[in-house]
Amino acid sequence: MMRHLPAPGSFAAAALLAATALLAAVALLAVASPRTAGAADAVTSYTADPQQGRIEFTGVQAGADFTGVFHKFTAAIAFAPDALASSHFDVLIDVNSLDTMDNDRDTTMRGADVFDVAHWPAAHYVTRSFTKTATGYAAVGALTVHGVTKDVPIDFQFTQTPAGAKLEGHAELKRLDFGVGRGDWKSTEWVGDTVKVTFSLVLKRKA
Amino acid sequence: MPNQKYPKRYGAVAQGFHWIIAALIVVQFTLAWKAVNLPLGVRQLALLARHKSFGMTVLMLVVLRLLWRLKNPPPALPPGMAPWERILARVSHTALYVLLFAMPLTGWMMSSAKNYSVSWFGLFTWPNLIAKDQHAFKLLVSTHHILSWTLLTIVILHILAAFKHHFWDKDDVMLRMLPFSRAKPTPEQRS
Numbered sequence: 001m002m003r004h005l006p007a008p009g010s011f012a013a014a015a016l017l018a019a020t021a022l023l024a025a026v027a028l029l030a031v032a033s034p035r036t037a038g039a040a041d042a043v044t045s046y047t048a049d050p051q052q053g054r055i056e057f058t059g060v061q062a063g064a065d066f067t068g069v070f071h072k073f074t075a076a077i078a079f080a081p082d083a084l085a086s087s088h089f090d091v092l093i094d095v096n097s098l099d100t101m102d103n104d105r106d107t108t109m110r111g112a113d114v115f116d117v118a119h120w121p122a123a124h125y126v127t128r129s130f131t132k133t134a135t136g137y138a139a140v141g142a143l144t145v146h147g148v149t150k151d152v153p154i155d156f157q158f159t160q161t162p163a164g165a166k167l168e169g170h171a172e173l174k175r176l177d178f179g180v181g182r183g184d185w186k187s188t189e190w191v192g193d194t195v196k197v198t199f200s201l202v203l204k205r206k207a
Numbered sequence: 208m209p210n211q212k213y214p215k216r217y218g219a220v221a222q223g224f225h226w227i228i229a230a231l232i233v234v235q236f237t238l239a240w241k242a243v244n245l246p247l248g249v250r251q252l253a254l255l256a257r258h259k260s261f262g263m264t265v266l267m268l269v270v271l272r273l274l275w276r277l278k279n280p281p282p283a284l285p286p287g288m289a290p291w292e293r294i295l296a297r298v299s300h301t302a303l304y305v306l307l308f309a310m311p312l313t314g315w316m317m318s319s320a321k322n323y324s325v326s327w328f329g330l331f332t333w334p335n336l337i338a339k340d341q342h343a344f345k346l347l348v349s350t351h352h353i354l355s356w357t358l359l360t361i362v363i364l365h366i367l368a369a370f371k372h373h374f375w376d377k378d379d380v381m382l383r384m385l386p387f388s389r390a391k392p393t394p395e396q397r398s
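Those sequence lines, one after another, are chains Y and F. In this text, residue positions in the first sequence follow our numbering: the first is 1, and each later residue adds one. In this text, residue positions in the second sequence follow our numbering: the first is 208, and each later residue adds one.
Keep in mind the hints are simulated off the structure, nothing from the lab. Model, not experiment: these values are computed from the prediction. We put the CB at the ideal spot given by N, CA and C, even for glycine. Any given hint might turn out to be false.
Stated by the list, open to error - Not everything, but these chain F residues come out facing chain Y in the computed CB check (under 10 Å):
1) R272
2) S318
3) V325
4) W327
5) F331
6) T332
7) K339
8) Q341
9) S355
Said to hold, decoys possible - Here are the computed lysine-lysine pairs in the BS3-like style, where the Cα-Cα straight-line distance is at most 25 Å:
10) F/K345 <-> F/K241
11) F/K339 <-> Y/K196
12) F/K241 <-> Y/K186
Whenever a hint applies, use it, and build me the whole structure from the sequences.
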């Protein structure tokens, strides 16, 4: 029986050969799919400058559109067109900073029956996945408003600039999905359910 | 059109404009008084939305009414009127037309200044007349308010004048604006 077994020295050589082959295979795989392997490094991280960017919302009131903005927000954007799987948006909006250019309406919207900013001062959007579209990109993310979290898709364009990038896009949502509008304001007869959101963010590359 | 040859009475179209606008003025005052006594809320929003739609209706009607009036001059005033009466009639009628423009226009500007675009019964939205401006809004609110009292005063004067013509002077000045009535056959009025 002993005669048929390889010598201890040749066993070690075979093991070494196998290990080398395995390493080579891993290296080869890595070379063959550089996107997957290098994705974590390929995204660029940005922050948005709220002074230059805009997050706008347009609702319908008594049959006519009205538009407002959120003055205060922060956005952590990690994005690369060739690394969508690792891209990630995290946008935090100060709901109290809403401005529709009318104090009466702003006060009403901050109040308990609409956004209830005393209890829910922030709106938060966190992306989950990205896809390439014909005109730009689309993302699906979780939007939390008024303490309610729902998936909201966004469409956007991403344009690189010398200092960073520009992110422009839009989304559409239903205010009542988030419980925004209670009591009299729940009716959609005078205040529409659909709210359009548009954003134009000026992104600075993170140092 | 009989009133083309002998404009002794207002024609059906002129009467239509007069009475529809008169009814809308009543509606407008009612909606406005109800709305200002309500707190901020959906019900006030709804009343004001109707107020704006009816106001824009008045504006459209008064444009058409003036165009119609240019093509179809109104009947002449009765010959027996004193010069001061003629002047007063002319001034008050002109003031009424001016106010029928000024009321909806200041209202429309108010809405624009407050960033509340005016919808016409939800069918379409009028463009904003001026830029959003809180100070302009406050100024326009007072203007709209003062003009509404001016309008009310002149309307009351207008109604009292019509009664005076009918019951005191016993002429057909009031009757010729009333549908289903016949002008008194006074031959001296044919002018």
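Now for the hints, and whether the structure bears them out:
Checking F/R272 against chain Y by beta carbon gives a least distance of about 26 Å; that is not within 10 Å, so the hint is violated. At a threshold of 10 Å, the smallest CB-CB gap from F/S318 to chain Y is about 9 Å, leaving the interface hint in force. Interface restraint check: F/V325 against chain Y, minimum CB-CB distance 6 Å, threshold 10 Å, status holds. About 8 Å separates the beta-carbon of F/W327 from the nearest beta-carbon of chain Y, less than 10 Å, and the hint is met.
Interface restraint check for F/F331: the shortest CB-CB distance to chain Y comes to about 8 Å, inside 10 Å, so the restraint holds. Here the hint on F/T332 is kept, as its CB sits about 5 Å from the closest CB of chain Y, short of 10 Å. Interface hint at F/K339: satisfied, since its Cβ lies 4 Å from the closest Cβ of chain Y, which is below the 10 Å cut-off. For the restraint placing F/Q341 at the interface with chain Y, the shortest Cβ-Cβ distance is roughly 7 Å, inside the 10 Å limit, so the hint holds.
For the restraint placing F/S355 at the interface with chain Y, the shortest Cβ-Cβ distance is roughly 20 Å, beyond the 10 Å limit, so the hint is violated. Using a Cα cut-off of 25 Å, the hinted pair F/K345 and F/K241 holds, with the two alpha carbons roughly 20 Å apart. Restraint check for F/K339 and Y/K196: the C-alpha separation of about 21 Å stays at or below 25 Å, so the hint holds. Among the hinted pairs, F/K241 with Y/K186 is consistent with the structure: their alpha-carbon atoms are about 22 Å apart, no more than 25 Å.
Going down the numbered hints, you'll see the structure goes against 1, 9, while the others check out.
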